[in-house]
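Sequence lines, in order, name chains A, B and C.
Just so you know, we're using the numbering used here here: the first sequence kicks off at 1 and counts up by one.
Just so you know, we're using the numbering used here here: the second sequence kicks off at 1 and counts up by one.
Just so you know, we're using the numbering used here here: the third sequence kicks off at 1 and counts up by one.
Worth flagging that the hints you see were computed from the coordinates, not collected in a lab.
Since the model is a prediction, treat every value here as computed from it, not as a measurement.
Heads up, some of the hints might be wrong.
To be verified - No farther apart than 27 Å at their CA atoms in a straight line, the calculated lysine-lysine pairs in the DSSO-like style are these:
hint, chain 1, residue 1, chain 2, residue 2
1, A, K69, A, K218
2, C, K128, B, K107
3, B, K107, B, K128
4, C, K107, B, K128
5, C, K107, C, K128
Stated by the list, open to error - To list a few chain B residues with every Cβ distance to chain A over 10 Å, as calculated:
hint, residue
6, S8
7, P9
8, A32
9, E33
10, E43
11, S52
12, M55
13, D57
14, E99
15, G108
16, E137
17, S155
18, G160
19, M183
20, E184
Glycine included, each C-beta is placed from N, C-alpha and C at the ideal position.
Each chain, written out:
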Amino acid sequence: MAYEVKLDVFEGPIDLLLHLITRQRVDIYEISLSTITEEYIAAIERLDELDLETATGFLIVAATLLELKSSRLLPGRYTEDPSLLEERDLLLARLVECATFRAAGEWLATMLERGLDWHPRTAGLEPEFAGLAPDLLASTTPEHLARAAAAAFAPKPTPEIDLHHITPIRETVRDAIYELAQVLDGRSGAVSFSELCGGTTRRIEVVVRFLALLELFKSGAVDVAQADRFGDIRATWTGEVDFDEVLEEADEYMLAPTQPGGARS
Amino acid sequence: MNEEQGSSPPESKIVESILLMADEPIPAAQIAEVLERPTALVEELLNQLAESYRMSDRGFLLRESPGGWRLYTSPDCAPWLERFVIGNRHPRLTPAALEVLAVIAYKGPLSRATITEIRGVDSDGVVKTLQNRGLIEELAPTGSGAVLFRLSDGSVERLGLRSLDELPPLVDFMPDAEAVEDMESKLSPSV
Amino acid sequence: MNEEQGSSPPESKIVESILLMADEPIPAAQIAEVLERPTALVEELLNQLAESYRMSDRGFLLRESPGGWRLYTSPDCAPWLERFVIGNRHPRLTPAALEVLAVIAYKGPLSRATITEIRGVDSDGVVKTLQNRGLIEELAPTGSGAVLFRLSDGSVERLGLRSLDELPPLVDFMPDAEAVEDMESKLSPSV
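Let's have the full structure, built from the sequences with the hints guiding it.
Structure representation (structure tokens):
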């Protein structure tokens, strides 16, 4: 099912998912999680002009979708794994929030449009009263004027892009690659994914580690295996890639986002 | 030009004349000062006046916004007023811009960073557009440093609200149970 | 924005809305054009409206002056209007108004569009307020069409200047050299 998604530059990862998930409600039985996941990944492939911070947000959602989708093969796990349910609910909550603000925005648009039909009285003072109006310039000096003009003509500060909020996530993906590489490099045998996630408290950290592991797998630094369909993912350091090289790749990952769909789940 | 007769015009008449002369929203308290009457009473007069304009199907209406009370032309006359309007209408806002506006309306004042965080996507461009159109404004900078944005009084006025407290509750915009269920089922691996 | 109802508002209502919106006297012929009705009929409507305001003892009156028809405040409300005007508690210019005034003082005469461009913020409302208060005035219209604004003589006088040439040089107030360069490029006569 080919479906072209036109992305507004400012549309975010949740907007995109909301868009894919709510279009054509008639086709409810035709649109499955895997269709949505495929389309989502296809859409982010076209996001090459987007900055990295934004791309990270898209990738995290994609990884969550992939994880949910892969659990389809493991029905038992899906119902029994509360963390996976939690992850889905988190995504659902964000979707509902996004849909809510979108609807509120539409209401605001209608009201603002209506507001244009209300023209305020602006005629102001009649001539015989104008003379009575307090002298607005009473406390204004030429210096005030000069200062205000200087401010107006001064180059406008380019909007300061504060990445503070996003930095934790970005660093976490890069750091996760670094951390995983460190753990795996020092070990001779395989390490389970759940062990790699030991100590994480939030779903997002697990997702980020999942992304990091995919990156390590793609670079050839790590081999992954799943003993059986229900088993944990086990990762082994191949030793074929230099540790520094891995870190370099981690930096590159930050510069040129690839999509995680390349490593099939 | 009537002579000094000892009898002053009715208070509602004076209120009406002040409103006609004003070129910005006027707080009830300011009118109360002119009349030397309690603000509550003036507010009652203003409400009565607004109601009487509405009832008598006039070409103008009286409405309260964050800054105070102001006369407006009746919206159903707008098509005939078009040629008197100075300036042109702005192009429609994009869905993304409207979403940011909604986020600021309901959660503001907010910094650029928080807006971006809520939406999961860089929103600085959209914030700039909204600011240029006068729909949002910067709050006077606080000690913390981050610039906070809120809806401008002008926006609230244009929305026809007295204050942001009058916004419909956000729950009214939440997708209904059926829609949420639909989303949930699509996020779940089919058995 | 109003629904298609088939029935338009009564003509007298539209006339009333035009009068409220107008900043200056409007000739009956111009209203007739908007309504697509004969001028004689519009004149009759205007006279009826003027009569109805007089009869109902409103705070405003409708009068015909040489330039056309205009709403005026009722003369018997004048004492309160004077208090309203004098008692205005914020005779200070808003920061936005001061900035627009400054831009016009240093770079004028300027059109609304250029002012907005320099400031990066829609400035039409502020320009209008400054004009209403007599701080700026329109230059006699040129062939080009765009209305240009300059400081009124009264403003220059109240600033304690004999002419705008006496304004302090801007360089003294610019934060740094780079800013000065940028400013100079903006101040140099546009080609």
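Hint-by-hint comparison with the structure:
| no. | hint | result |
| --- | --- | --- |
| 1 | A:K69 with A:K218 | 20 Å, holds |
| 2 | C:K128 with B:K107 | 33 Å, violated |
| 3 | B:K107 with B:K128 | 18 Å, holds |
| 4 | C:K107 with B:K128 | 26 Å, holds |
| 5 | C:K107 with C:K128 | 18 Å, holds |
| 6 | S8 | 18 Å, holds |
| 7 | P9 | 17 Å, holds |
| 8 | A32 | 19 Å, holds |
| 9 | E33 | 15 Å, holds |
| 10 | E43 | 20 Å, holds |
| 11 | S52 | 17 Å, holds |
| 12 | M55 | 18 Å, holds |
| 13 | D57 | 16 Å, holds |
| 14 | E99 | 5 Å, violated |
| 15 | G108 | 12 Å, holds |
| 16 | E137 | 15 Å, holds |
| 17 | S155 | 7 Å, violated |
| 18 | G160 | 6 Å, violated |
| 19 | M183 | 5 Å, violated |
| 20 | E184 | 6 Å, violated |
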